[in-house]
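Taken in order, these protein sequences are the chains called A and B. Just so we're aligned, residue 2 is where the first sequence starts under this note's numbering, counting upward by one. Just so we're aligned, residue 113 is where the second sequence starts under this note's numbering, counting upward by one.
Everything labelled a hint here was simulated from the structure, so no lab data went into it. Using N, Cα and C, we set each Cβ at its ideal position, and we do this for glycine too. Be careful, since some hints might not be right.
Unchecked claim - Facing chain B, a subset of chain A residues (Cβ under 8 angstroms, in silico):
(1) E24
(2) S35
(3) F106
(4) L115
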Amino acid sequence: MSESRLTLRSRLDELALLSPWVESLAAEHAIPASTVFAIELCLEEALSNVVRHGYRGEPDHPISVEFSARPGELAFVIEDQAPPFDPLTGDLNREAPLPASIEEFPLGGRGIRLMRRFAGSLAYEPLPSGNRLTVRFPVWP
Amino acid sequence: MQISTEELADGITKIALDGRLDIAGAAAVDLKMNVVAGSARRLLIDLQKVSFLGSMGLRSIVLPARAVHSRGGKVVLFAPDEMVESVLKTSGIDSLLPIHHDFAAAIAALQ
């Protein structure tokens, strides 16, 4: 099992570090392109939620993403030091009905729907002083 | 993220996006998307060369589309690749902005 860890500061422009990191993991672990897309989608969504909601836009707070691979599964564990916030419940997770018009289409809140569709599994747990979100993706040999 | 625009026949404006519509890509194209959409009545958003679409990228499509719809106009999404289309369908935006893979059908949908 190989591991790799990425540490970011809580700024949206730091999320640009995600894609090159995931691409390097993809090369090392032969991750298929569709899974790379799903990983980048979920990590961008999860980390932007930490930046904008968890840390309320305050920069210079730490966020870490730890990758691990085992047969059949890739896992990304996202940890922050923000106030307790479960992205899988509450307002961001409302499974609202699909809007009837483009005017009603919400600009936010779609992210959890995307994560549930593109990740194999999502799991949240609070930490003593922060939050942990684990995102898993199945891979086939 | 690159953006180009072209005026086609029948008053159709085509916006072609090339690259990743992630947070940075969305920020790079938002202004021009909204400027172009501000005067377009028939808008074809060409997604053939979009290699990534996240939720901020969705916003970059929804806001200009709203502007066109608010003036009674029409918008179609053209030829997203499989993963990008999956994002569009999961978000439900395809029920409001039709996706076409055939250019003639896309043009016809804007008449």
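Outcome of the hint check:
no. : hint : verdict
1   : E24  : violated (11 angstroms)
2   : S35  : holds (6 angstroms)
3   : F106 : holds (5 angstroms)
4   : L115 : holds (6 angstroms)
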